Amino acid sequence: MQLFNRREVLRSAACGFGGLALAGLASQPTWAQPTHFPAKAKRVIFLFMHGGVSQMDSFDRKPVLNEQHGNALPFDLPGLIRPDRLGKVFGVKWDWKQHGQCGQWVSELFPHTARVVDKLCFIKSLHTEGEAHGQAVLRLHTGEAAFDRPSVGAWVSYGLGNENEDLPAFVTLDPPTMHGGVRLYGSSFLPAKHQAMQVQLAKSPNKRPQIANLSSELLSDIRQKEQVDAITALSRLHLQQVGHDPQLEGVIESYELAYRMQSIAPDVFDLEQETQETKDLYGVDQQPTDGFARQCLLARRMAEAGVRFVQVSTGYHWDHHGNIERDLPDSAAQTDKPAAALIEDLDRRGLLDDTLVVWAGEFGRTPVAQIDRGAPGRDHNPHGYTIWMAGGGVKPGYAHGATDEFGYLAIEDKVHMHDLHATILHMLGLDHERLTYRYAGRDFRLTDVYGRVVSAIIS
Amino acid sequence: MSKQRRKDRRVYCVPVLAAYSRQFLLALLTVYSLSATNAEEPAFFREYIEPLLQTHCYECHSHETGEANGGLVLDSKAGWSVGGDSGPAIVPASLDKSLLWRAVNYKENGLEMPPDGKLSDNDLLLIKKWIERGAIDPREDGQAADRKSIDIEAGRQWWSFRPLESPHLSDSNIDEYINSRLQASGLQPSSRATPAVLARRLSYDLTGLPPDANVPSQYDLSDDQQYTDYVDMLLESERFGEKWGRHWLDVARYADSNGSSFNVPFHNAWRYRNWVIDAINRNMPVDEFIRKQIAGDLLATDSDAERDENFIATGYLLLGSKVLGTFDKEQLTLDVIDEQLDTIGKSLLGMTLGCARCHDHKFDPLPQADYYALGGIMASTSTLVDRIGGPKDDESDWERRGLGPGGDEKLSAFLQEHRYEWVKAVGKRFQAQKTLDELSGGDFQSSTNFASSADPTAANEEHRRMIVAATEELRDAERKLADLLAEMPPHAMAVRDAKEIKDLEIRIRGVASSKGETVPRGFLRVASYPGLPVIPTNQSGRLQLAQWITSPHNPLTARVFVNRVWKHLFREGLVRSVDNFGTTGEKPSHPELLDKLASRFIARGWNLKWLVREIVMTEAYRRAMREPDAKDPENRLLAHQNRRRLEAEEIRDTLLSLRGDLERGANENILQTLPIGDASNLGEYLNIRDNRRTVYQPVIRTIEPQVLQLFDAASNTMVTGARPRTIVAPQSLYFLNSDFVQTSSEAIGSRILARYVESGNESLPHDDYIHLLDDLTADMMRTIVAREPTSHEQSLLKQYIMAQADGDPGLTAHDMLKVCQAIIGSTQFQFLD
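Listed in order, the protein sequences are those of chains A and B. Note that my numbering has the first sequence beginning at -11, numbered continuously upward. Note that my numbering has the second sequence beginning at 136, numbered continuously upward.
In isolation and in its complexed conformation, chain B is listed as follows:
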């Protein structure tokens, strides 16, 4: 809106400019002859300076145009003497101290004024003279820009800031809320989905994997009790934590390396990941789950194990991608705080706090001071320490905390003494390994050119000798590293309170060096409530931050969390902008339902499994797909269930599982041997071959496996409550040509075929498979999409099989590959009905 106005104004300005140009010409002719006394008179201002300001500045800095960019107006004396966000624009008689002078000379980075092009030398000369002679300005009665201050009380009226009410016994259940809205809109809900569709939907939604082959025989999902039993079985499966842990890792922007400009591996991030999955499987109350991540290190504990877990949980604050090599460490600190606040804001509160770094939030009741109040808490928390590889390194290291009895103290002592030695030893060991690998691998000939050697025995002898030497070197490096590690306790990426507890100064325009007033540490005023936790002067305030976020009186946290769960089960949240509950986000489709669900969730002890169960038991969740009604084209009222595509992890996990290759259990420290340096060029060493679930595969930022990159996995640097949903040609190329889909199709096809051929045979002769076509096609569909084929599908697949298996050997594994691949590539597999 304001942009538009600005453009209009520009057009409107042209005649004004023309009108003044004659005067300008006069000014140019006379400026050199002006005596000093002239510049000290108001007439000088009226004649030369005011027209100049009108022409070049008022467009964005005057009451007339309604624009006060940077909080500055120049249409009165008060305007520039009080100044804008950056303080006074002009200090009379002092060019050096006058920001305006620097701005018009383009000496202030990011503040080159006017932005369309520098003023002429003569204009500059006029301004210089005017300021030097005291900046006499007769416009005494004007006012400075009206600094809009945010009205917190008014802001509280926005739906998401209003307090939640306590639940009543008489509260309706979910279906009642949904059905009454459908009824009011004259929409007929769709019928229940078939048991096969429900089995697949529930299995993927709750565990991220296809239903077991025996589900149809074990559970009759049209029976309510058996449906409940099936849901409970899935909720108790460890796979539930793997699926729902991944949802949390999406918003925690989880990764196993730093990414950005220095992609150092996080050797210990896996502890956080596994903790998340485990906590969800244990059904840890969600408020506790959050408290541990914000302030685990400050919570009282009963055991070493619990303290360790609490340390590990604070990894949440450390996982962001940072420009570790930033030369200006104060800038780096502020950037890290910003990243932490952005993450906390979006993931837990549904607030875009980052917008308040440079100025008051333009849309939400979040003053810049609130940002720096939270910022002070993070500034009093130690996140980055020291340098990573040596005292002269540019890149900072991050906080680590030792685990096990006395581990934290031991680790501190160890790092004090051996930090760089250890980093070097890890690197040396890796180098030695690499050298040996290269010697033992196939490419030694090209690198050492022994192929051209006249005497092959001599070459082999030389090669053997080199391998022996390299092996020796590796052993040596391993021994040295082992000696060091014997003194180094296992540790986690984890924060601690900083040695210096401090409040932060507001940074004007977000510029590190432009300090404004100091703000006491605190929380968002718009989401405050009576009896807020008080931050002691000698503590960071993280513990109180955690208490504030997880208080039943915080209006945001439970709403945001419940809405996320809803989103994963209905494909869209009740609030579709799941990470943004501010005024630029969407309003809830069913506000009462969201509020009731959130308050019941709190009353149930922030119980995630209860909430998931509550939702999947509804009729609304169990409805069949349908074409949207014209009255509700986006299906906001949930007359039917929404279709979703399988997520990247689900595609990979499913194919591995159908091949019979998916391994159970968690990965631990499989990056441990990577050097502590930029991993971007480690090539093959990052190509991790591991058949456990995708959630356990290390996430090396910027080097994402293809399937994750292509199928919209979470960004891994930004909070991703709702993954993007793209449909692009490279995805189809992946299903057509990727090695993984082809080898998987082959393995799946062979497994199916094996059920029909006698052992020892590799193919089905023509006459045999013709009789078996119905069985084969049904088997393929059951295996891959967990349901029986329709007659159309069956005839299509039969036709396709026959087209492939023409000729002598009969139906082979290769033919089966192509048919399985066609099913896997189709929307039948890719989507969940």
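Only chain A is shown next, with the shape it has when bound in the complex:
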């Protein structure tokens, strides 16, 4: 009924370029879709630690590494990227303490995360395929490396629709250009509206979020409104000649949405509306946190505005092949405080209950040293690593699964990447086996033919 009326409006004659062009510019009803079952979370903020965080230096404490430092591993290495460049067991230099009610061990590099551990749910047995970044990053973001498939956020957008008609359902902040590039937030064969809107923040010269073509330097607001009016009026004359045509109507509507986006987005993007206290909490305008703090704060504002899936990428700085002792503390310091602040901030605003936060790299790292890059570091390890989740339906203050005593292979309650994806969808009320899209004669799923929901971590 709604649509029909709308079409009628569009069809009605509108001579002159004012007229009805901007009718209905007020906020639109959402097209949120019913879920398969009641959802625990309405949206996801995905914090991507690009490069791969060392689990044994962060949240997966393995005292045996220090005891056995310099010894050979007592078992064979699984298919590794380059066995020839790996050395002996490599100890951990950081102090560890147990934190919170849950008693989760956290290394001294993550003091802020330590503060919020009672709200976090750790998965310490994630495993994936791909010894190289490209494969692993693609698997984390799309479930598949060899073929072009929709990204997790695109599936979520497809499954849930918009919470806010004036903004896209899927937004990516500073996405990586490498290791898959656009595929990491693309819609592949899903309709294009499910692909993420890209926002550039890290490289933005004025530290303000930037979206392609969102504003015009040539035309003032008023002039632009006239411009939109003229375009839609000319288009409506075209439509009038032929009567009903969904394509032409679609374009006219898309101008109206574009105009609404132009009006609402600057507001959502304006970090200056935040209080000093909030900015300080995240570490905005402080070093080394400023960059990631702005990303996390913007992610929260987007979640608040109803964006379904916000992807935040740290930049490719976690790949500590060499000199991990110097570089890992840097990476941790850039991200620890903003990530913890995001949890606290969402919590105090009552958003954490229905927002699922996922903190993850594409893989973990080896318990043995990599020795071909000067000072030692750790090599890639897709066979077992640690991530955390928070909010939206996961058990707080909980840890699931375990790696072996060296922290190398996931051995207990293993969670495969497909399982993680199945679980994220589950939290959103989507059954990963029923969320399908027919393309080229086949029903595709995010989890292909795999995936099990990790029910143990659901609150």
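Note that these hints are calculated values from the structure, not bench results. For clarity, every value in this text was computed on a predicted model and none was experimentally measured. Any given hint might turn out to be false.
[Claimed, not checked] Under the rule of at most 27 Å between Cα atoms (straight-line distance), these lysine-lysine pairs were calculated in the DSS-like manner:
id: 1; chain 1: B; residue 1: 650; chain 2: B; residue 2: 464
id: 2; chain 1: B; residue 1: 933; chain 2: A; residue 2: 213
id: 3; chain 1: A; residue 1: 383; chain 2: B; residue 2: 253
id: 4; chain 1: B; residue 1: 253; chain 2: A; residue 2: 28
id: 5; chain 1: B; residue 1: 545; chain 2: B; residue 2: 569
id: 6; chain 1: B; residue 1: 634; chain 2: B; residue 2: 232
id: 7; chain 1: B; residue 1: 527; chain 2: B; residue 2: 559
id: 8; chain 1: B; residue 1: 559; chain 2: B; residue 2: 464
id: 9; chain 1: B; residue 1: 545; chain 2: B; residue 2: 634
id: 10; chain 1: B; residue 1: 242; chain 2: B; residue 2: 264
id: 11; chain 1: A; residue 1: 76; chain 2: B; residue 2: 527
id: 12; chain 1: A; residue 1: 181; chain 2: B; residue 2: 569
id: 13; chain 1: B; residue 1: 650; chain 2: B; residue 2: 637
id: 14; chain 1: B; residue 1: 527; chain 2: B; residue 2: 545
id: 15; chain 1: A; residue 1: 191; chain 2: A; residue 2: 76
id: 16; chain 1: A; residue 1: 191; chain 2: B; residue 2: 569
id: 17; chain 1: B; residue 1: 563; chain 2: B; residue 2: 545
[As the list claims (entries may be wrong)] Calculated Cβ distances over 12 Å to all of chain B for the following chain A residues:
id: 18; residue: 90
id: 19; residue: 237
id: 20; residue: 293
id: 21; residue: 337
From the three backbone atoms N, C-alpha and C, an ideal C-beta is built for every residue, glycine too.
Once you have looked at the hints, place chain B on chain A.
What follows is chain B alone, placed relative to chain A:
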């Protein structure tokens, strides 16, 4: 359907589970006290194992539920001893060899059973004991899963597998087929479109560009002869190949870089692209066009030039996006074969072959064995070789073949000796260039912080010295590279037969390491015909594959190709699922028409230009737009022509052309200087500024120019016979705010304005432009949408011009920008009526 059943079953299962739970409790209490002899008796099975299987496994593995996932049932002894796709599920007394044991312990990736959650420790203990003691199972009379084998003969009855009949002189023409269906449905066809609409439609459809301004005066398109002349002129234009070459590049998933996880530039892909465009302009018979792409390197030739062209054509097999760094090279090989078969299947045969990689095709008569029969041909073809940057690299390199006299031998010798040296030299030269660019560019101050230097002269002196050094370094790097290149013949991405010719083993569940029986190389049985080409034991079989695909007896190829051409001219194919002619695709709206057209196309020597001409000459093609009739809301019967949006390339090319900036001719090796490594972070160096047609712009995967990304250009990693059609807000933002649309509108507006102002003046004073408003608005519409405005449009545009040009300077270029931009942004420009 089966999913639904499964869910229902799950609900139904609950009482069953409850009924057994008491028994379970008993079992738990007694299991530890069971003596060894108990487990060897059938009673043990009946009491403990059978209930467990019923509760946890039958849902997906029993005759009762009709589910045999993975081909496995567990409701009889034969069920597990014969096993499913992966062979026997249990080997009595051998836990290690029992797949079921690994599956229930979640030790088999992707085969964790039951999928809803691991069995309890006690259940596992029971199973362990049972298997260890010989897996005694009294259910001797049951059967293994009925392995459905595909009935090829029955499959042949599907329309697309039926043989084509030879054409007769008495065959109807296209319009007769269409009109008789319209008549039968009581639909009145729409009238002919106006000459202006036809000129624009034909020009874009055949060349991808707007009609020249002088077309209305040169051709009266309401006259049949002049219409024919106009069509022939467009068909002979080199722009025809640029437009229709792009159509082919869409299905060939053409790109100039690998994309995926390692986005290395394909320095030589342009040779393939230009060959495609040239072949179409030459009107190469389509069967020959296809044969060269599958097996050009194996065809007999008369000249070096022809042999080179044939090498280049096989680039089709190499252009896929690959995970070059896959550690397991056997896995990589199988993935590459899969990509090749997927491309061949969809682009040439309209078959989704990829579905048969892991199991028999679920819907089409394509057994898994047929997939591996074709796979053997590709496995006997060398696609990837060696490593790309050094012997220890993770990333594989691809086959290259030298061009020119003796080129192939020279290239092989060169690569043997200097492959890595050459890769390094290309990288070094690029680095040196980059260093110099950074020094000469504006950002040297921030990077070296000379701005804070106390002595500016010293800083300048230092800077000058650095530039000299960098220039020297670049020269040096260039010299070294030139020395190497002097020995390296020009080359193409091209395949050759592998040293080892081999048949492939079926891979169970598609897993590289799970080998089944070996399948001799061959073709799809459902599309076979008497007198199939025979594959010699010492050849890959690609030549025979090419012969099979392009045989007039192959039921698929000509139908698929003709349907693609139809789709580009009527916006939808007669079969709308243009890449899928299988049972999950759509059936043709006019089956007889498609068949007749396909057989006439073959009889005409697979002549593309003939086919295009045949279609655009019809009344059906020339019809005007109209609102669809309720009797045929999707216009399947073609009572009127369908509207289409301009394609991404057409938008860019048109604006460049209206600005007067579009350059003719082809690009060649403009990526040549990029380093042979991941290009994803080259930033500005990938920002190619070039005003030739978009088809000639290098396609760097994952870094697609905005206009292509926004306006649904082909995916460039997947066969795209039908581009998606999206209408989203960012497209409108592009028309409102993008630099390209704004600068183009400005240039177009200025060009129009210049026709009315005296030289030397930059604007039209108020009194002047008021008199000229009719001329100006008509000119703008003629220029941008190639027709005269209606009176409503004219009054709207006049009003808009006056609203912009209020005040003193009169009508300026900036005002013209806004009006032109409004027309360009409207559906009038964006769509083709």
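Evaluated hints:
Distance restraint check for residue 650 of chain B and residue 464 of chain B: the Cα-Cα separation of roughly 16 Å lies within the 27 Å cut-off, and the hinted pair is therefore satisfied. About 17 Å separates the Cα atoms of residue 933 of chain B and residue 213 of chain A, which keeps this hinted pair within 27 Å; it holds. For the hint linking residue 383 of chain A to residue 253 of chain B, the alpha-carbon distance of about 20 Å falls within 27 Å, and the restraint holds. For the hint linking residue 253 of chain B to residue 28 of chain A, the alpha-carbon distance of about 24 Å falls within 27 Å, and the restraint holds.
Our distance criterion of 27 Å between C-alpha atoms is broken by residue 545 of chain B and residue 569 of chain B, whose separation comes to about 31 Å. Restraint check: the Cα-Cα separation between residue 634 of chain B and residue 232 of chain B comes to about 36 Å, which exceeds 27 Å; the hinted pair is violated. Distance hint between residue 527 of chain B and residue 559 of chain B is fulfilled; the C-alpha atoms sit about 14 Å from each other, no more than 27 Å. For the hint pairing residue 559 of chain B with residue 464 of chain B, the CA-to-CA distance comes to about 24 Å; that is within 27 Å, so the pair holds.
Restraint check for residue 545 of chain B and residue 634 of chain B: the C-alpha separation of about 18 Å stays at or below 27 Å, so the hint holds. Distance hint between residue 242 of chain B and residue 264 of chain B is fulfilled; the C-alpha atoms sit about 18 Å from each other, no more than 27 Å. Between residue 76 of chain A and residue 527 of chain B, the direct Cα distance comes to roughly 21 Å. Compliance with the 27 Å bound is thereby established for this hinted pair. The hinted pair formed by residue 181 of chain A and residue 569 of chain B fails the criterion: a straight-line CA distance of about 38 Å is larger than 27 Å.
Pair hint residue 650 of chain B plus residue 637 of chain B holds up; C-alpha atoms about 14 Å apart against a cutoff of 27 Å. Straight-line distance between C-alpha atoms of residue 527 of chain B and residue 545 of chain B comes to about 25 Å, which keeps the hinted pair within the 27 Å bound. For the proposed pair residue 191 of chain A and residue 76 of chain A, the alpha carbon gap of about 39 Å is over 27 Å, so the pair is violated. Our distance criterion of 27 Å between C-alpha atoms is met by residue 191 of chain A and residue 569 of chain B, whose separation comes to about 20 Å.
This hinted pair checks out: residue 563 of chain B and residue 545 of chain B have alpha carbons roughly 24 Å apart, not beyond 27 Å. Here residue 90 of chain A stays apart from chain B, with its beta-carbon at least about 24 Å from theirs, past the 12 Å limit. Non-interface status of residue 237 of chain A relative to chain B is broken: a Cβ of that chain comes within 12 Å, the nearest being about 9 Å off. The claim that residue 293 of chain A lies off the interface holds: its Cβ sits roughly 16 Å from the closest Cβ of chain B, which is beyond the 12 Å cut-off.
Residue 337 of chain A, annotated as away from the interface, keeps every beta carbon of chain B farther than 12 Å; the closest lies near 28 Å.
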